Amino acid sequence: MPPAVVTLENVSLRYGALRAVQDVSLRIAPGEIVTVVGESGCGKSSLGKVVLGVEKPTEGRVLYGDQVLHAGAWTRALRSSVQVVHQDSYASLNPVRKIRSILGDPIRQHRLKTTVEELLASVGLDPPDYFANKYPFQLSGGQRQRVSIARATLLSPKLIVADEPVSGVDASLRLAILDLMRRLADERGIAFFYITHDLATARYLARGGRMLVMYLGRVVEQGPVADVLDHPRHPYLHALLAALPGRERRPLPLRSLDMPDPRNPPGGCAFHPRCPRAQDRCASESPELENGVACWFPHGV
Amino acid sequence: MLKFEHVSVDYLVPEGRAHSVEDVCFELPAGQVTALIGESGSGKTTLTGAVMGLLAPNARILPESRILFRDQNLLTLTPRQLREFRWRQASMVFQAAQSVFNPTITLGEQLVDSGLDHGCKPARVHELLEQVRLDPDRILPAYPHQLSGGMRQRALLAMALMLEPELVILDEPTTALDLITQAYIFDIFEEIQRSSGLTMLLITHDLGAVKRLASYVGVLYSGRLVEAAPTEQLFARPSHPYTQALVGSLPSVDGAEPTGQRLKGQAPGLLHRPAGCVLHPRCPEAVERCSREVPELRGGVACHLR
Amino acid sequence: MKAGLALLVFFALMATVGPLVVPLDMTPDYLQRFQPPNVHHWLGTDYAGRDIWAQLVHGSRDILLIAFLSALLSTLMALVVGVTAALSGGWRDAALSTLIDVLLTVPTFPVMAILAALWPVEGPLSFAFVLSLWSWPGLARSLRAQVLALKQREFLEAAFLLCMSPSHILLREILPNLMPTVSLNFINLTRGAITASVGIMLLGLVPLQVDNWGMMLNLAAFQSGAIFLPRAWSYLLSPLVAIVLFQLALIAVSRGLEERFDPRLRA
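Chains as they are written, first to last, in our numbering: chain A, 511 to 811; chain B, -3 to 302; chain C, 42 to 308.
One thing to keep in mind: the hints can contain errors.
[Unchecked claim] Partner residues aside, some chain A positions facing chain B, computed with beta carbon under 7 Å:
| id | residue |
| --- | --- |
| 1 | ASP680 |
| 2 | SER682 |
| 3 | ALA710 |
| 4 | TYR714 |
| 5 | ALA736 |
| 6 | ALA753 |
| 7 | PRO755 |
| 8 | GLY756 |
| 9 | LEU767 |
[Claimed, not checked] Below, in silico cross-link-like pairs of lysine to any residue (SDA-like), each with a Cα-Cα straight-line distance of 20 Å or less:
| id | chain 1 | residue 1 | chain 2 | residue 2 |
| --- | --- | --- | --- | --- |
| 10 | A | LYS668 | C | GLU198 |
| 11 | B | LYS260 | A | ALA681 |
| 12 | B | LYS260 | A | SER632 |
| 13 | B | LYS260 | A | SER650 |
| 14 | C | LYS192 | A | SER555 |
| 15 | A | LYS668 | C | PHE201 |
[As the list claims (entries may be wrong)] Pulled a few chain B residues facing chain A out of the computed Cβ check, cut under 10 Å:
| id | residue |
| --- | --- |
| 16 | GLU35 |
| 17 | ALA179 |
| 18 | ASP183 |
| 19 | ASP202 |
| 20 | LEU209 |
Rather than coming from a laboratory, the hints here were simulated on the basis of the structure. Please read these numbers as outputs of a predicted model, since none were measured by experiment. We treat Cβ as the ideally placed atom computed from N, Cα and C, and that holds for glycine.
Kindly produce the complete structure, drawing on both the sequences and the hints.
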């Protein structure tokens, strides 16, 4: 087994009373695409911030390669080995600077051999010279997202955390952006941590990779993407899939439609008040992630 | 019920006239959900603005445009008639952003008071809230920030229904909502539409929402209506090259490969609409004629090659 | 922008080169009192028959210099304190914010007056220093708030992950986004400094070296009775118009700066 790019060991992250991430362990191999899915407030973006190293876990530890992060080893090489592509392509590019200086400044500071034009061409922005002289607000969402991806690849990172990179992009252009990310993974061996609420794009980008499903801060199911989506085992994932347009199953296999307050999650298994399969045990004991599912009574057993 | 006839809207900008919507002809049958789908810059927001009289001050509606509601041209209404139309006959459900409600007063005040102002009794407000599956006793004393996005969206729908409109415009009603929330909001929309025979116009960029709710769809690209067809037909056999690319661009949860042709490049900006068919610079099938002649909508599709 | 800049250049020339070109003769000549503008006296004469244009030119030097220096000093202090507070966070932020709040609650003008009385004000620089010492907290607070908001913006996270140097982050990422606020507030500070300096001079808390616009206006309005003389309109209006024009020029330039710094406004 090749050494992991990033390893999370029993990581938890708390913001005051809010347990954003609870006891997540994860290993991302070089070039691997891991996708994490779940609804808003499930902790997937917080988990992304831990992987990025911009949030320090309250418990557990994060290793980059074999180095522990946040143990005084916050070196330049370590920090730059993981990069980010944000959802809001507008907020992630400095609005008062041209693309040329957004990409050119890091090239100069780190004395890289590449040029702004080369970079722009590598993400399909053609003619590069035209785009280099634009301000972010003069580009479309898809074009801005390509600039963000170009910036993320500047320092030849080992991993890129992409948090909903296509949800602000027009549907007809999404696929091309996902293809670009896929190409970077295949050709340059960059691993991706793809955070999304969209199961279909998750499957598309991470084909052959792994999927984590999160609910209220915990990973409730994980495994190879095709297995997880074709043979869902956790009742929550069943409900999610039944909610997809075109896959109608009514009523939804849920006892309550509203998500509980994440600041005050239910005891035992956090899903039990909404779960149609819940029994007494679910209210008192929280199931561990075993064989890819955290449920006392999973489907398919 | 609602009929767009040769609707064209320009915006006056420092650089000149930006053509936002050009020569759109489209009809909404009564008692059904009809969708207008389009991506950013397609003109869908401008079209709704024209219906509701909510266009920006720099918008110019070209003279041959007509929007008929029960044979009355909405574009020639006086401001007073327009207000009457907005209250009595049509209402709008916006994206469920937090900003739609006043954050400093309770929903009870906002819903009940605005209802009373227009002659809707509190009992009716309660009834409507129950119809959208909200508990009035819990909702009315709450402030907007205490509700989830899905609850706010349902409250907005209840508010839109208070004056018993004939036409409800849903503007991106499920954007920014989670899957499960989306699913039951679709259910509620459908239930209410069926039980009251409302006419609904759904404006969205979300193909999933269209598939789920609408029976008839118009596809907008760069200010023009490029295809109009029953929903099932549109998804099963898209005809226009743009619709084919759009429908085919959806990855599937089943893992089926997206089949559609990919379009090159980006949609043109409002100021630089190409001559001829607006799609031709990106269209994989374009022939010489496409760059010269604007194709008319014939048999539900505006393409020289169909 | 261009008109404003031209005006500013004009005032700058007036304050620097002007006194060398236009001789100032302060000997009273009561036969020439309250002359309306004419060929010999472009803007007429004052209550003692002295040329107003010459006074205006000579009065401009100190007041413009003081106002400009004071605004510059306040802005620098505000930038240092506001940005430091927002970026360092924790107890430093708490301490600096408290300091800002405390300073904001104390009325500015009396403090300036007391400072001016205690401090040996000897030239424009020390006067500007006295004026700016208490006028920066407002700007500091709004800059702190802006930097805190910027810290949430994702382009800073990206810059951090790209290991950009602190000076890059400060000068190329943060500062340009603050410029609209800074340039607008610079105008307000300049304006405040003009008012405050006139006030303090009136109270006699600093030695009056030359006439300045504020003094001229005060003399015209209250001391010499020109306000009751229709003939003396030019005496009354000249300093007033000079002050208004100067501030308009500042506003025009600040607008231009804002557009310069925010490309979105240019489109």
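- Item | Restraint outcome when B/ALA179 is required to lie within 10 Å of chain A by C-beta distance | holds, 4 Å
- Given the hinted pair A/LYS668 and C/GLU198, is their alpha-carbon gap at most 20 Å? holds, 18 Å
- Would the hint on A/SER682 stand, with a C-beta cut-off of 7 Å toward chain B? Holds, about 5 Å.
- Message: Check whether the Cα positions of A/LYS668 and C/PHE201 lie no farther apart than 20 Å.
- Response: It holds: about 17 Å lies between the C-alpha atoms, which stays within 20 Å.
- Task: Mind checking the alpha carbons of B/LYS260 and A/SER632 for me, to see if they're no more than 20 Å apart?
- Result: holds, 16 Å
- Task: Please work out if C/LYS192 and A/SER555 have their alpha carbons no farther apart than 20 Å.
- Result: Status holds; Cα separation ~17 Å.
- Message: Just to be careful, I want the Cα atoms of B/LYS260 and A/SER650 compared with a cutoff of 20 Å; is the pair within it?
- Response: holds, 14 Å
- Verify the interface restraint on B/ASP202: the C-beta must sit less than 10 Å from at least one C-beta of chain A. holds, 8 Å
- Task: Let me know if the C-beta of B/GLU35 comes in closer than 10 Å to any C-beta of chain A, holds or violated.
- Result: holds, 4 Å
- With 7 Å as the cut and Cβ atoms as the points, is A/ALA753 at the interface with chain B? Interface hint status for A/ALA753: holds (4 Å vs cutoff 7 Å).
- Message: Just to be careful, I want the Cα atoms of B/LYS260 and A/ALA681 compared with a cutoff of 20 Å; is the pair within it?
- Response: Status holds; Cα separation ~14 Å.
- Is the hint on B/ASP183 kept, meaning its closest Cβ partner in chain A is under 10 Å away? holds, 7 Å
Hint violations for this structure: none, all hints satisfied.
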